[in-house]
Amino acid sequence: MHFSIPDTEVRSGENGSTYVAYNIHVNGVLHCRVRYSQLLGLHEQIKKEYGSNVVPAFPPKKIFTLTPAEVEQRREQLEKYMQASKLFMQNGLFTDGLYCISLHSDAEWLFKPVFKLDSVF
Numbered sequence: 001m002h003f004s005i006p007d008t009e010v011r012s013g014e015n016g017s018t019y020v021a022y023n024i025h026v027n028g029v030l031h032c033r034v035r036y037s038q039l040l041g042l043h044e045q046i047k048k049e050y051g052s053n054v055v056p057a058f059p060p061k062k063i064f065t066l067t068p069a070e071v072e073q074r075r076e077q078l079e080k081y082m083q084a085s086k087l088f089m090q091n092g093l094f095t096d097g098l099y100c101i102s103l104h105s106d107a108e109w110l111f112k113p114v115f116k117l118d119s120v121f
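Using UniProt numbering, you'd call the opening residue of the sequence shown number 1 and step up by one each time.
Zero decoy hints are in this set.
Now the in silico label distances, taken between C-beta atoms and shown as ranges: (1) 84 - 16: 31 to 37 Å; (2) 68 - 37: 16 to 22 Å; (3) 27 - 61: 27 to 33 Å; (4) 16 - 66: 17 to 23 Å; (5) 53 - 14: 36 to 42 Å; (6) 77 - 48: 18 to 24 Å; (7) 11 - 83: 23 to 29 Å; (8) 15 - 54: 36 to 42 Å; (9) 53 - 12: 38 to 44 Å; (10) 84 - 48: 14 to 20 Å; (11) 52 - 83: 15 to 21 Å.
Source of the hints: derived by calculation from the structure; they are not laboratory data. Computed from a predicted structure; not experimentally measured. Yeah, the Cβ is synthetic: ideal placement off N, Cα and C, and Gly gets one too.
Please construct the entire structure, taking both the sequences and the accompanying hints into account.
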């Protein structure tokens, strides 16, 4: 199972503000679009489940609006984070967490997950 974030999109929120959406691909197919804050929330859930010592470092939060170069740097860091999180992906927590994000936020799903990751390995 290969997770990647090959690109991003600037999207408009309900209040008219814009944000960066990270396009998450699973095995080369677009799976969902999520915000940094949603992935950060999932990271926090993983830390609670497994402990801070075993979870890979998460890209830091920034105070100011990101420049295009910073967006690209964060995209690369998030992709590396996902690829370093194989343990959580194998246990299904990562996709289950992304599914939970889609149910409780404005993440945009392109298809509903129909498998658990641990059934693939």
